[in-house]
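Peer 1: Read left to right, the sequence shown gives residues 12 to 84 (my numbering).
Hints are computed from structural coordinates only; laboratory data are not their basis.
Hints may contain errors.
To be verified - Between beta-carbon pairs, the in silico distance windows are:
| id | residue 1 | residue 2 | range |
| --- | --- | --- | --- |
| 1 | 15 | 62 | 29 to 37 Å |
| 2 | 58 | 83 | 16 to 24 Å |
| 3 | 77 | 54 | 17 to 25 Å |
| 4 | 80 | 42 | 19 to 27 Å |
Said to hold, decoys possible - No farther apart than 25 Å at their CA atoms in a straight line, the calculated lysine to any residue pairs in the SDA-like style are these:
| id | residue 1 | residue 2 |
| --- | --- | --- |
| 5 | 33 | 23 |
| 6 | 33 | 62 |
| 7 | 63 | 13 |
| 8 | 33 | 56 |
| 9 | 63 | 84 |
| 10 | 33 | 20 |
| 11 | 63 | 32 |
| 12 | 63 | 76 |
| 13 | 33 | 60 |
| 14 | 63 | 82 |
| 15 | 33 | 66 |
Heads up, the beta-carbon is just placed ideally off N, CA and C, and yes, glycines get one too.
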Amino acid sequence: RHQHFGMIENAFIRICDSETGKELCRYNLSENYDAMTAMIFGEIYRYNGTWKFNAIGQPTNDNDISSLARRYQ
Numbered sequence: 012r013h014q015h016f017g018m019i020e021n022a023f024i025r026i027c028d029s030e031t032g033k034e035l036c037r038y039n040l041s042e043n044y045d046a047m048t049a050m051i052f053g054e055i056y057r058y059n060g061t062w063k064f065n066a067i068g069q070p071t072n073d074n075d076i077s078s079l080a081r082r083y084q
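Whole structure, please, built from the sequences with the hints as guidance.
Peer 2: Here it is as structure tokens:
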């Protein structure tokens, strides 16, 4: 589609509590990511019975979801 993250203003990802709607965390995409077509915002994992979110913020040039998913095989 010839689009990249450098074309998006005020981009962010957030995680909200599904019961209360309260925002638990927000990751703002504040860098200039010209020519970057995908982004690994973070990882969700469980630690000692509690769900955690770790912000990563790694831009990539992957062109589709399968290319991005191969990073986790």
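Peer 1: Of the hints stated earlier, which fail here?
Peer 2: Going through the list in order, the structure violates hint 7 alone and respects the others.
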